[in-house]
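2 protein chains.
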Amino acid sequence: MATISDVAAMAGVSTATVSRALNGKSTVDPELVARVLAAAKELGYQPNGPARNLRRQEAAVLALIISDVENPFFTAIARGVEDVAHTVGYSVVLCNADENADKERRYVDVAIQERVAGVIMSPTPDVRNADLLINRNTPLVAVDRPLPDRLVDTVLVDTRLAARQATEHLLAKGYTRIGCVTGPSGVRTADDRLSGYRDALRAAGVRTSPRLVRRTEFRAAGARKAAAELLAHSSPDALLVANSAMATGVLAALGEAGRRPGREVGVVAFDDVAWAELIDPPLTVVAQPAYEMGTVAAQLLLARIADNGRAATTTTLAARLIERGSSHRG
Amino acid sequence: MATISDVAAMAGVSTATVSRALNGKSTVDPELVARVLAAAKELGYQPNGPARNLRRQEAAVLALIISDVENPFFTAIARGVEDVAHTVGYSVVLCNADENADKERRYVDVAIQERVAGVIMSPTPDVRNADLLINRNTPLVAVDRPLPDRLVDTVLVDTRLAARQATEHLLAKGYTRIGCVTGPSGVRTADDRLSGYRDALRAAGVRTSPRLVRRTEFRAAGARKAAAELLAHSSPDALLVANSAMATGVLAALGEAGRRPGREVGVVAFDDVAWAELIDPPLTVVAQPAYEMGTVAAQLLLARIADNGRAATTTTLAARLIERGSSHRG
DNA sequence: TTGTAAGCGTTATCAA
DNA sequence: TTGATAACGCTTACAA
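First to last, the sequence lines map onto chains A and B.
When we follow the working numbering, the leftmost residue of the first sequence carries the number 24, and every step to the right adds one.
When we follow the working numbering, the leftmost residue of the second sequence carries the number 24, and every step to the right adds one.
Take these hints with a grain of salt, some might be off.
Copies of one chain are not kept apart here, so a pair can be met inside one copy or by any two copies together.
To be verified - Derived lysine to any residue pairs resembling SDA-like cross-links, with alpha carbons at most 20 Å apart:
1) 248 to 281
2) 248 to 238
3) 126 to 83
4) 248 to 278
Source of the hints: derived by calculation from the structure; they are not laboratory data.
All chains should be modelled from the sequences, with the hints used to inform the complete structure.
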């Protein structure tokens, strides 16, 4: 593979000049620039990234560690991050931690070892992984979930409020025994959605009952089982569901139990997905601004890379309830 | 940040010994290994990836360049690749080319510059990007789409046959004016699905008509418009749809036109998705073995990294038609 | 078994 | 403006 020396030799200049010409750094004689460019093209020269990064002590790469690559919410964040990063010449590598602290640790190690310029992550409850980055002063932005007691730029959705509003909506529609299917304890979004649900019930003077709450991983299978149990034992007349994958499980369980969404059991789920309008009745959802979360997170990260001394900020975006048939009795 | 020299100093050995101890290479006195490990831990030592990769001339990283990070088909492939790669100590970075040759080029450049050990890609029609890798002898596996006339390991689905079978299924169910909504010309999977559709019609002695075919990008919006046009002008009684995102668009168009899937317009779409069973009637799909494609591709890539001289192979996996209500008139 | 030292390909400093 | 040269941190002959 051609190196900078090969280019230098072919162009009849020193490697230093090649480097300067290729990076447009200090001023180089236009004629030499032309010769260097020609030689580089002729040789199909691609700079050696590891060598460059070793010397520069930094790579123009951002790592994005997400919780689940199969969750459209996180892939939408990924797009937002990419779109911003690319405009300023950074590449983004996507790492799928899979809601698993070990995998997350693995990717944090990779990010550190490869000396990426910065990291955006939706952290697992195991804060030690993020601490690894924090302790090294690696620019870091937390997205979707906060890092408790850590001074880190953070981009969140006011998910507790959103859950409260969703629950209030169900109450307003006349549902009275509202259940909640949420994610694992310790995952902040799961906890907040449950809290918001309880906020609404309490404010309305409705007794909350642990029998109407189920926690499971953020996936279809667990939610299906949870919903089946709720339906069998606790006769809810509505369910608040913490994400779209879980919603598929809950809707499947309703179908199996012969209970029609909306009319018989009201349903509101987090995350607006393309199929929400295709089912009958259409699914009422809490739409989170995922793409925007990604762009904001990327901008914060770039700002921090430029100035690691700046104060940490928390940006909280609002979610939006989209009312559809699954939360209407009529 | 601690370097190997710091560890060496603290352990009272040379950097060479630290390197050997940490990599478990040649035999090192167990007591020294212990001292090195202790020092490394104490200092929070993480090897400098660029330096290591520069020296080794290779990184234990695979690049996976996919066409659309928001398409569940590709994210399932990603999981398959990751699961295999991780078992042998490779990390996977996911790159989203977004069906865009320029972005693909960008990520190919990154992969080359970072000297990744190998690349798996679902190539855009612009073969020049893959040629960049081929010309440098970078281990490469094409997945989902072949690279015409290139001797490259390839993992495909027999999508033409699958499309034919899906169309034959529709014919068998009594549909006669079957339309096809497929992806952009030049994208092999899009072309093959159209070819399979035509194969079935011809074999059945049904005249094929360009008026029943629409091509658009592999996304919901284009497919929605395409389906609306077909419904308005060509009165199809069934549609073969080339992926799940497009299916959401087609189903939306059917809803707008007040045409019920199955009874009025038969629908078969590529890719089994969680919501396929939730809609009414449930969606008949062609299930592709995406996860397995990922595992096979990763295994092929690892084999090629180990021995770049081996002959290129093509693995073709079968898809499976899952019959549901959207292709039944009853 | 351990240490010394060269070198991977860049970039940046310093002279010229 | 250009070139020689010294790092960057690691691995690996080669020597001891």
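To see whether the hints hold, each was checked on the structure:
no., hint, in the structure
1, 248 to 281, "within (15 Å within a copy, 35 Å between copies)"
2, 248 to 238, "within (11 Å within a copy, 40 Å between copies)"
3, 126 to 83, "between (23 Å within a copy, 16 Å between copies)"
4, 248 to 278, "within (13 Å within a copy, 31 Å between copies)"
Checked against the numbered hints listed earlier, the structure breaks none of them; every hint is satisfied.
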